[in-house]
Structure formats: structure tokens, C-alpha cells
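Sequence lines, in order, name chains A and B. Heads up: the first sequence runs through residues 1 to 765, numbered per full-length UniProt numbering. Heads up: the second sequence runs through residues 1 to 446, numbered per full-length UniProt numbering.
Treat the hints with care, since some could be wrong.
[Said to hold, decoys possible] Result set (DSS-like, lysine-lysine): computed pairs, CA atoms no more than 25 Å apart in a straight line:
id: 1; chain 1: A; residue 1: K215; chain 2: B; residue 2: K369
id: 2; chain 1: A; residue 1: K269; chain 2: B; residue 2: K369
id: 3; chain 1: A; residue 1: K343; chain 2: B; residue 2: K355
id: 4; chain 1: B; residue 1: K438; chain 2: A; residue 2: K215
id: 5; chain 1: B; residue 1: K369; chain 2: A; residue 2: K158
id: 6; chain 1: B; residue 1: K355; chain 2: B; residue 2: K369
id: 7; chain 1: A; residue 1: K245; chain 2: B; residue 2: K5
id: 8; chain 1: A; residue 1: K117; chain 2: A; residue 2: K158
id: 9; chain 1: A; residue 1: K215; chain 2: B; residue 2: K366
id: 10; chain 1: B; residue 1: K355; chain 2: A; residue 2: K264
[As the list claims (entries may be wrong)] Take a look, some chain B residues computed to stay more than 12 Å from chain A by CB distance:
id: 11; residue: K5
id: 12; residue: P6
id: 13; residue: P32
id: 14; residue: T202
id: 15; residue: Q396
[Unchecked claim] Part of the chain B face toward chain A, derived, beta carbon under 7 Å:
id: 16; residue: V8
id: 17; residue: R61
id: 18; residue: G237
Just so you know, these hints were derived from the structure itself, not from any lab. A quick note: this is a predicted structure, and the numbers were derived from the prediction, not measured. Glycine included, each C-beta is placed from N, C-alpha and C at the ideal position.
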Amino acid sequence: MQLYSCSLDGTIKLWDFTDGILIKTFLVGYKLLAFYTLAGSEDSVFIIIPKKIEDFLDWFQLVSVKLPKTPDQEVEAKELSLILDDIGQSPKCTAFGREGEYVASVRGLHLLVYFFKKKKVNRFPLSATSRKGANNYFTCVACHPKEDCIASGHKDGKIRLWRNFNHKREYTFSTLHWHHDVVMDLAFSVEGTSLLSGGVESVLVQWRDGSDYRKEFLPRLGSTIEHISASPDGTFYCTSHTENKITIIHSNLSVSAVIQGLVKGSDVKTGLVVDPRTKALVLNGKPGHLQFYCLQTDKQLYNLDIVQQEYIHQIGLNQVDLVKAAFSAQGNWLATVEQREEKETELELQMKLWNYDEQTQSFTLNTRINMPHEDHVTALCFRDTDELEDGTPILVTAGNDGRFKVWVLVNDSDSEKQSMGWSCDFVGSYHNYPATNCCFSEDGSLLAVSFEETVTVWNSDTWDLICTFCHPPGRIQNLCFGRLSCSKYLLGTTDNGFLCCWNLLTCALEWSAQLNVMVLQPDPLSENIAAVSRLLEGSDLFVFKPNEPRPFYIQRNVCRERVQWAVFIPRDVPDSTGSEKHQWLSRSQLYFLTETQDLLTFSTKSAEERLTPSSKQLAVEESLPMTPFSLLLGKHRHQQRSKENADLDTAVVQSHLPQDSPAIKELLHTPAHVLPSASFLCSIFINSMLISKENKSAGEVVDEVEMDSEKAEDESDEDLELTEMEQDINPTEFLGEITETKLSKYQEKQLRKIRRRDYSWVAAL
Amino acid sequence: MASYKPVVVQSFPKLGEKITQDTLYWKNYKTPVQIKEFGAVNKIDFSPIPPHNYAVTASSRIHIYGRYSQEPIKTFSRFKDAAYCATYRDDGKLLVAGSEEGVVRLFDINGRAALRQYDGHTKAVHVVDFLSDKYRIVSGADDYTSKLWDIPSATEIVSYSEHMDYVRCGCTSKLNTDLFVTGSYDHTVKVFDVRTEKSVMTVEHGQPVESVLLFPSGGLLVSAGGRYVKIWDILKGGQLLVSLKNHHKTVTCLCLSSSGQRLLSGSLDRHVKVYSTASYKVVHSFDYAASILSLALAPEDETIVVGMTNGVLNVKNRKHEESKERLPKKKRPGYRTFVKGRNYMPKQEDFFVSKPVRSHLKKYDKLLKSFQVTKALDVVLEARNRTPEITVAVMQELNRRGTLQNALAGRDETQLSVLLAFLIRYVVEPRFAPMLIKVAEMIIGK
């Protein structure tokens with residue numbers, strides 16, 4: 001069982017996919033856009049490449065490549081022969097026919113069929129539009145596995161079945177029409193008895209015998225179907241969707257399994273929110289849903305349907321958007337705001353308050369408020385009162401209509417039934433300026449609301465205006481209170497590039513700095529505040545305490561794109577292994593989301609994390625004979641161990657407590673039957689006990705900065721957009737050069753592959 | 001996969017009164033019967049003996065009415081001037097009444113002339129009552145005194161003159177044969193024990209007291225005067241328990257429901273309020289046409305009688321559910337057909353195969369599910385307009401799907417007239433207005 005893969009870097013790789021080992025790499029030297037193999041011809045494969053190297057001018061060719069049979073690991077494959085010219089670049093636009101006799105490809109309004117035996121190309125054109133307003137552009141093609149029949153999908157949702165296409169003139173086609181939008185992909189079942197099609201409607205349509213009347217549907221698959229494939233044994237179909245999801249479907253059209261990662265929406269409007277109960281990251285998921293995403297396990301915990309309406313999959317429809325979400329301090333209440341904007345004047349707003357039900361372990365709708373504000377809701381926040389205090393929860397919303405509203409939970413139960421509901425308690429405004437931000441101080445006694453250029457501070461008991469701040473003038477973009485020992489400070493950022501810190505005791509500006517802050521995010525567990533600024537290019541991260549205008553941590557160029565949202569997620573176990581510079585990451589971890597919807601995090605990799613892969617390798621080692629795999633592992637472990645050892649040494653130096661060293665811990669905690677031989681562990685053990693003179697080299701290792709570019713991550717693993725950055729900065733090189741050593745791509749990939757391997761089979765041995 | 005999500009029909013909170021058990025109970029009376037009396041009705045008293053006739057004191061007459069009669073069964077009219085406070089004895093055989101000339105008269109229910117006459121008060125006697133031993137009468141008069149009379153000998157036993165103003169109300173304890181309470185315009189309520197020479201307790205109401213009431217338990221005392229109804233705890237030495245201010249004019253009369261769970265108060269502001277005696281909150285309220293002077297409830301709350309200043313007596317009888325039984329029973333499968341197998345207890349070795357619960361979609365949801373927009377709109381328009389919120393919700397859903405124009409298009413005259421009738425009827429309601437204006441614009445635009 002072997003698997004070929006091709007990539008834009010011009011290589012074809014052959015894998016043993018059951019074990020996950022790379023067997024061979026073929027260098028082609030072109031960007032490879034699509035890849036096909038035929039059962040008949042073992043030694044040659046078909047690829048789609050751009051016409052000229054490094055020239056993406058919409059001109060693509062289908063070529064066949066002869067793969068040389070040499071035992072080397074890396075082979076150059078240069079024997080290309082042109083088959084079809086000027087074709088579509090998408091893999092969906094080319095398909096091979098019955099037993100590899102012909103190949104069909106579509107582009108624009110043309111269907112090209114190449115017969116290998118006759119070495120002849122037949123070209124079938126369609127007119128661009130018909131009288132009935134059809135849009136005949138081809139989108140995808142599929143070939144019948146048993147008969148001479150080609151199915152093609154079109155932009156207007158039609159499917160054409162072509163027959164008799166070995167004649168230039170006497171060809172025929174029949175039309176199947178159900179889709180109202182583009183047919184995204186087509187696939188024939190193994191026997192060719194049914195044709196599957198899917199598109200924007202997110203309905204899988206099964207056409208039996210190519211007949212317009214015998215069709216079956218599997219509706220509500222979640223989002224647009226991008227690809228369809230059928231398993232060779234005919235029992236399963238598989239669809240992939242735009243929302244980062246794969247659905248496996250029985251051939252009787254019932255869903256068998258769903259593989260779902262972090263749903264990547266087009267725009268995360270809710271921002272990054274932390275659910276206080278599960279510590280899960282909460283953000284926009286499927287349309288109208290909130291997704292609860294566990295960062296530790298990279299799994300979607302669940303989807304909460306907020307809008308509770310049937311989602312109509314149709315391009316250009318004005319759907320209800322979930323724009324805001326906030327949790328109360330203990331996670332008992334969830335407030336969400338959804339909006340639908342038809343025209344400039346017609347805005348539908350709905351605020352919903354959800355109560356956590358202990359019994360069902362989920363949120364249930366408590367109150368629905370239509371049009372909480374006349375205009376867009378710009379911010380909402382709960383007052384973080386302790387549940388012990390038994391204070392009634394309070395929610396504040398700020399709107400563009402120039403008001404902020406205070407909502408309280410009222411008990412409107414009468415003698416018969418208990419009922420609690422939210423109602424408006426207070427409406428505040430300041431010269432009718434649009435309210436842009438609101439936030440409560442840590443103890444909940446003060447409410448800060450920003451109105452355009454002015455920050456107002458209100459007493460949350462009496463709702464009296466206490467004081468206003470307005471300096472320097474500029475529209476307030478972010479607002480937050482300091483925490484713990486810095487709770488007397490209020491921070492705000494303006495759109496003209498100032499970060500201001502006001503002292504609430506003296507009601508005066510404490511300090512301000514010129515910084516174009518995009519995101520201002522306080523750490524809930526410490527005084528630290530993270531600010532992400534943006535200059536011309538690249539975003540910079542500053543971490544500071546409000547009582548000290550100088551930031552204690554600066555990281556230039558955390559990413560190239562604009563950072564949209566950031567959030568501190570509390571760690572389950574405080575991480576004490578981080579160096580001095582990373583103290584601010586010890587209790588919570590910073591995650592941020594960029595414009596391109598990539599979720600990134602800052603981490604000092606903990607010792608535990610570093611050790612897990614190697615300990616797994618150790619376990620594997622024992623039960624395996626010498627294989628290429630173990631060779632590969634051995635190589636890696638070698639590298640890793642040297643690194644580890646260095647780390648261990650520093651740990652020893654810092655703590656002088658060898659029994660705390662991870663290696664010993666590991667030795668003691670790993671079950672004896674999976675431990676490698678004692679001789680193997682001996683050196684690690686001894687090493688860990690030594691207070692070595694390697695101090696300097698260890699320091700270097702710690703100081704090195706490893707930046708995994710997330711592009712590489714994307715290639716190997718699409719569902720996980722987490723890039724871990726392991727970095728540190730030498731204090732003396734504060735703003736200077738950052739020493740940077742990069743693992744080679746190859747090594748990286750292998751590392752990652754190993755980490756992701758499923759080792760459960762070891763248990764079965 | 002997720003199933004079809006039905007259209008969300010927005011529910012709007014109903015403004016005003018909420019429907020509670022109390023409103024249902026107190027609304028379950030027939031249309032009131034109005035009886036015109038000769039003057040303001042100052043007292044209504046139900047006979048404790050079935051058939052629970054009631055005595056109405058108005059002007060110089062006392063009328064006895066039967067439960068369902070609109071004409072008086074009997075009339076006592078031997079008063080030279082106004083009669084006051086005709087009250088039944090516990091056995092329902094005797095009736096006592098005070099009068100403007102200061103004489104207290106005792107009548108036999110079956111007789112015509114007064115059995116006894118008690119002279120002694122120098123001014124109008126506004127309140128009389130039997131003590132619960134049945135042999136003595138208490139009276140209170142405008143000469144600031146309250147007197148105790150022996151019925152058979154027609155002699156005065158004792159006289160109390162502790163009040164500083166007119167004594168206008170009073171009541172006797174049902175448990176203790178010697179205890180009675182009087183309320184006076186001197187703002188006080190006094191509790192007397194006939195075995196002693198002086199009052200045993202005085203509470204300061206704060207306003208001229210118009211009505212007093214003792215709870216059946218004898219522990220709580222209710223006084224009404226001014227706009228206030230006050231509840232006092234006698235056992236705690238006359239401590240004020242709660243003060244109710246729910247009327248906006250003087251409260252004139254009080255009454256307890258037969259269960260003792262509800263307290264009713266009538267006022268010059270033309271309202272009767274029903275309080276819960278547990279929470280002392282208003283649970284229901286009745287409106288009347290004129291200022292209320294007197295109020296009485298028949299045993300089991302079968303009848304509410306209210307007397308007003310304009311001399312109108314308003315009688316409400318309780319509705320009884322009889323009509324429903326007469327409906328012919330439909331032939332239906334037996335009860336056992338439905339519960340067949342439902343109450344089967346699975347044994348230990350049984351495999352439990354759960355049957356998926358089928359959600360039943362409404363007709364419009366079924367049509368919307370299959371994108372039949374015009375039909376869906378037709379269905380909700382047909383529904384007799386009883387649920388305009390569903391119609392509007394479906395319109396909103398169609399608008400969200402961008403197919404409202406299609407659904408509205410291609411209608412003939414009859415269909416259009418149904419649609420237009422709906423629009424005309426509901427476009428003025430603020431909760432539907434935005435959507436319906438949009439629909440109207442679409443229709444006009446065509």
C-alpha cells in the first residue's frame with residue numbers, strides 16, 4: 001500500500017501510508033498542481049504543470065512523467081511528455097476514463113478528450129450562454145469507470161453526460177439539472193451505477209443510472225461541498241467541505257462519521273472568547289453557531305446553535321450574523337448578539353442570553369431581546385461579580401446609537417412558576433456620541449464607557465457619571481482596566497496612535513505612548529497587558545504593566561498580517577519551566593488571530609511537551625526490529641536528546657534539584673514494561689545528574705529562536721492552524737538582531753509527522 | 001445530520017395583567033345582575049344557612065334576596081329613617097339592624113314586625129352584630145359609645161365610651177364569645193372583652209376607620225380607613241403586620257373569601273381588590289361602575305355582591321361547567337390502543353432499541369422545507385388570522401431567504417384580497433409593522 005503525493009515545490013513523494021514512512025522522493029522541477037495515476041501504467045504518472053516555470057499565466061499542461069526505478073531516496077524525474085495543452089489547473093477539471101483509454105479535461109467552454117491509442121484530441125465546444133440564461137462554463141469533470149461516458153459539471157448547476165464522444169460530430173449529451181448553483185465536484189460510484197454531485201447547497205445528490213428522475217439527496221451537510229470521492233470497495237463516499245470538515249457517508253446515504261477541526265469562518269466577529277468552565281476557545285463557527293474549541297486537544301468540543309434558524313445555502317443571501325459573545329465570570333451566563341443588515345437603514349438585531357444548565361451540561365436560551373439598541377452593538381461585557389457575593393449578574397451593552405444599556409437579571413416568577421429574565425435597568429448616554437467600548441473594573445465597582453473621543457467612568461451602583469477622560473483627542477479603540485495591584489489604572493488606545501494610561505485615583509493621565517495599537521488584551525490572572533501594534537508592515541507585540549510605561553517584553557514582527565484578536569487563556573497547571581523572560585506566559589497563554597484567520601500562539605515549550613515525543617519513541621524502539629522507520633527515529637532522537645540534555649542541564653543549574661529533572665521523572669513514571677533497556681537510559685540518567693560545564697552551550701540552545709513559519713504548517717496539516725513559536729530574546733539584544741536557526745523543512749516535516757503518528761498499534765503487538 | 005429547524009415564531013410578552021390561577025378563579029363569574037335599590041347600599045350580609053339568602057340594607061329598608069332572584073323575597077321597612085347594618089345571626093333565624101334614629105331592632109326572618117327594640121343610643125347606630133354566643137348584641141353609634149345588649153330582656157349590659165368620635169364599624173370574634181372589635185373615626189380600633197370594663201387593646205390606624213375584620217383564627221385583625229388596609233397581629237399585642245395601599249380613595253369595606261386565603265377590599269375608587277393573605281399582594285382586581293360602599297361573598301365564593309353609592313346592587317354568580325358534558329363523545333380508539341406497550345418495563349436481558357422521536361413539522365414548515373414558498377404563505381394566510389405572529393414569522397423567514405417577492409407574486413384577486421385584508425388588519429400593530437410595511441411596499445411596487 002503506497003501513496004504518492006505531489007506539491008508545489010516540484011516533488012512527488014512516495015509514502016508507505018500505513019506506517020507513515022517516506023519511501024522515495026522524485027524531483028520534477030515544476031510546480032505540480034494536480035496528480036493522477038492509472039492502474040494500468042505503474043511507471044508513469046500524470047501531472048498538471050504551468051507552461052513556463054515560475055509563470056502563472058493561466059496556461060497549464062497535462063504531462064505524463066516517467067518515474068525511474070532506482071533504489072535511491074531522491075530521484076530526478078525529467079522524462080516529461082506533453083499530453084494536453086491549455087487546460088484547467090484544478091485537479092477537478094481533468095479525469096481519466098475507462099481503463100485509462102482516454103483523458104477528459106475541461107476549461108472554460110471546452111471539453112477536450114484525448115485518446116491514448118489513437119493519439120487524437122477531440123474538442124467539444126459549448127456556447128457561452130443560451131437563450132434561457134444558462135451559464136455553460138465547465139467546472140468539473142468525471143469519467144464513468146465502466147462505460148464510455150463523461151459527466152461534466154457547469155456553472156449554472158447543470159450536469160451533462162457525454163456519450164459517443166469518439167466521433168467529432170455525432171456525439172450526444174443528456175442534461176441533469178438539480179443544483180441551482182455551481183456544481184463543485186462530481187464522482188461516479190465504483191460500479192458506475194450512480195453519479196454523485198455536490199455544490200454550494202451542501203446537499204449530496206445521488207443520480208441513479210444517469211436518470212433525472214431517480215435521484216436521492218443527503219441534505220444539510222453543513223457547508224459547501226468541495227470534493228467528493230468514492231471508496232474503491234464501494235461502501236463509503238466521502239465529501240470535504242469548506243468549513244474544514246470531512247464527512248464520511250455510507251453508500252446508502254447516511255452519515256457515518258464527521259471529522260471536524262477548527263471551523264475557519266470568513267470573519268471572526270465575536271473575537272476570541274474563553275469559556276470559563278471548559279477553558280475552551282469560543283468563536284464564530286458554522287454560520288449562526290458558536291464553536292467551543294479545545295486548544296489542548298485540537299478538537300471541537302461542540303457547536304452551540306445561536307441563531308436557531310434554517311441556514312439556506314445560497315450565495316449572496318443576507319444571512320444572520322453572530323457578532324458578539326460574552327461569558328459571565330463563572331460561565332453561568334452567555335450573552336450573544338446577532339445582526340442582519342439588509343440595507344443601510346434596515347438592521348435586525350437580537351440579543352440572546354443563555355443560562356448554563358447543569359443538568360444538560362449546555363446553554364439554554366433564557367431571554368431574547370429584539371433590537372437592544374437602535375444601531376449596531378459595539379461592545380458588551382458582564383460585571384465580574386463573585387458568585388459568593390450573590391450579586392445579581394449585570395450586563396452592559398454599548399451601541400452606535402449613542403447609548404449604553406445596563407441589563408439586570410430580574411426575578412419575575414409568580415406564585416405558580418419560577419422564571420428569571422433579563423430586563424433593561426439603566427440607559428446612559430454622553431452628548432449622544434456613539435458608545436464604542438465598555439468594560440468593568442476588576443471589582444465591578446466602576447464601569448468605563450468610551451464615547452467617540454471621551455472615556456466616561458460610571459459608578460456601577462448608582463449609575464452616576466464620576467469622571468471623564470479625554471486626552472489626547474482621538475477616537476477610542478480599545479479600553480481596559482488594570483488588574484490586581486494595577487487596578488487603579490485605566491488604559492485606552494486611540495485611532496491616532498496613542499496608548500494612554502489614566503490614574504483613577506488622581507483622575508489624571510499617568511502616561512501615554514505613541515503606539516498604533518490594534519489589540520489591547522489584559523491577562524486575567526496577572527497585571528500584564530499585551531498590546532499588538534502595527535506599523536507599516538508586520539505586527540509587534542508589547543507586554544507591559546500599567547504602572548510601568550516601559551514594556552518588559554517586546555517581540556517584533558510576530559506575524560506579517562494584521563492581528564485582529566488576541567486572548568489570554570489560563571493554563572491548567574502554571575508553567576514554571578519558562579525562563580525569566582517568559583514569566584508572563586507562566587500562568588496563561590496568549591493566542592491571537594490574524595486577518596487571514598490563522599490562529600497563532602506564543603509558547604515556551606514546556607519540558608513535558610518536549611519529552612513526550614521522545615518517550616513515545618523509546619516505547620516504540622523496544623518492540624521494533626531495525627526498520628527504516630526506526631532508523632529515522634533514531635536519527636531524530638539523537639538530535640532531540642542532545643537538545644534535551646542541554647535543557648536538562650540548565651534545569652539542574654537553575655534549581656540544583658536533580659530529582660526534579662524531567663528525565664528522572666520520566667524514568668520513574670514510565671511503566672517498566674515500556675522502558676528501554678537500562679543501558680540505554682543510563683547515559684540520560686547520568687547526564688541529568690551532572691552539573692556540567694556545558695552551561696554556555698545550554699544557554700545558547702535556550703536562547704535560540706525557532707520560528708515555525710505557519711506556511712509549512714499549512715501544507716502538512718490544514719486543520720490545525722496553530723503555530724507554536726518558541727522564542728526568547730537575549731536581554732542585551734533588546735531590539736537588535738535575533739539569532740535564528742531554522743530546522744530544515746524536511747526535518748520539520750518529519751518531526752511533525754512523528755508527533756502525529758498513532759502509536760496505539762504498539763499496544764496491539 | 002442536523003434536522004430541519006422550524007421557523008422561529010417570536011413571542012412577545014403580554015403587557016398588562018398576567019393570567020394566573022387567581023385571575024381564572026375570579027373571572028369565572030357570570031355577567032353581573034344589577035338591582036336598583038332606593039339609596040346607597042351600606043351593608044350586605046349573607047345568611048349562614050342555605051340557601052344563603054342575603055340581606056341588603058339601603059336607605060330605610062332591608063331587602064332579603066335569594067341567590068338567583070332579582071326581586072326581594074322579603075322586605076323590612078319599619079324604619080322612620082335610614083337603616084344600617086342588617087346582620088344575620090349564626091343560625092340565620094334572626095336579623096339585627098341599627099338605624100338613624102338610634103334604635104337597634106331585632107327581626108325574625110319570617111316575621112314582619114320587630115321582635116325587640118333596644119333603645120339607649122342617642123344618635124345613629126351604624127354598626128350592630130351578634131356575639132357568637134347568640135344571646136347578646138353589640139352596637140356602635142355616632143354618640144361615640146358602643147353598647148352590649150341582652151337579646152331576650154332587651155336590656156343594656158354594658159356601655160363603653162372610650163372612642164372619641166363616631167363608631168362606624170365593628171365585628172365580633174367567632175371563637176371567643178366575649179370578644180368584639182370596634183373601629184371609629186377617631187383613627188383607632190379597640191378590642192373589647194365584655195368581661196372587663198375597659199378595652200383590652202387599642203391600635204392606631206391613622207385614618208378614620210371605615211371597616212374592621214377579624215380573621216377566622218382570631219389572631220389577625222384587618223382595619224380599613226383612608227386609602228390604607230392594615231393588618232394587625234393581635235396575639236403580638238396589636239403589632240402592625242403589613243400596611244396595604246393599593247386603592248387611591250377611601251377603602252370602605254372588607255371581606256374574606258370563604259377559604260380564608262384571599263382578602264377583598266372595596267373602595268370609593270370603584271375597585272375591589274383581592275389580596276393573597278399569604279403574600280399580601282394584589283392578585284386580582286374588579287372594576288365597578290360607581291363607588292363601592294359594601295361587599296359580601298357567599299359561602300364557597302359562589303356569589304359576589306357589591307353595593308354602591310348610587311344604590312345599585314351588583315350580583316355576580318359563579319359559572320358552573322355543565323355545558324361540556326353534553327357534547328356527544330366522538331368515537332375514538334380506546335385508551336388501551338394508545339398505551340399499548342408504553343408501560344412495558346424492560347427486563348434485564350432485553351435489548352433496548354430506542355425509536356427515534358419524530359418531530360412533527362407544521363404544515364408551513366413542511367412547505368418551507370421543500371422551498372414551496374408561495375404555498376407556505378398561502379397556508380399561513382388561510383389560518384383564520386388567529387395567529388398573526390406565525391404569518392409574520394413566515395413572511396420574515398421568506399424575506400430572509402430572499403424569496404418573499406416570489407411568494408407574493410402571481411396572485412389572483414381573491415388571494416390578493418386575503419393578503420391585503422391581513423395587511424390592513426395588522427399593519428398598525430407595532431410588533432408587526434416593520435415586516436408588514438415591507439410586504440405592502442412589495443405589493444404596491446408590483
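Since P6 (chain B) was said not to touch the interface, does its Cβ keep a gap of more than 12 Å from each Cβ of chain A? The assertion about P6 (chain B) is violated, with a minimum of 8 Å to chain A.
K215 (chain A) paired with K369 (chain B) [C-alpha distance capped at 25 Å]: holds (18 Å)
Q.
Hint check: K215 (chain A) vs K366 (chain B), CA-CA at most 25 Å. Holds or violated?
A. holds (20 Å)
Is K369 (chain B) within 25 Å of K158 (chain A), Cα to Cα?
holds (22 Å)
Self-check item: Check on P32 (chain B) being off the interface with chain A, judged by Cβ distance over 12 Å
Solution: It holds; P32 (chain B) is separated from chain A by about 27 Å at its closest Cβ, greater than 12 Å.
Checklist line | Straight-line alpha-carbon gap K269 (chain A) to K369 (chain B), limit 25 Å | finding: Violated: K269 (chain A) and K369 (chain B) sit about 29 Å apart, past 25 Å.
Inset, instruction - Verify the proposed pairing of K355 (chain B) with K264 (chain A), using a straight-line Cα cut of 25 Å. - result: Violated. K355 (chain B) to K264 (chain A) sits at ~36 Å, over the 25 Å cutoff.
Let's test the interface hint: is any C-beta of chain A closer than 7 Å to that of V8 (chain B)? Holds - the Cβ of V8 (chain B) comes within 7 Å of chain A, reaching about 6 Å at its closest.
With the threshold set at 25 Å, check whether the alpha-carbon distance from K438 (chain B) to K215 (chain A) stays at or below it. violated (38 Å)
Are all C-beta atoms of chain A more than 12 Å from that of K5 (chain B)?
violated (5 Å)
Self-check item: Pair hint outcome, K343 (chain A) versus K355 (chain B) [Cα-Cα no greater than 25 Å]
Solution: Answer violated: K343 (chain A) to K355 (chain B) is near 46 Å, above 25 Å.
- Beyond 12 Å from chain A, beta-carbon-wise, is T202 (chain B)? Check passes; 35 Å lies beyond 12 Å.
The structure does not agree with the numbered hints 2, 3, 4, 8, 10, 11, 12, 15, 17, 18 stated previously, though it agrees with the rest.
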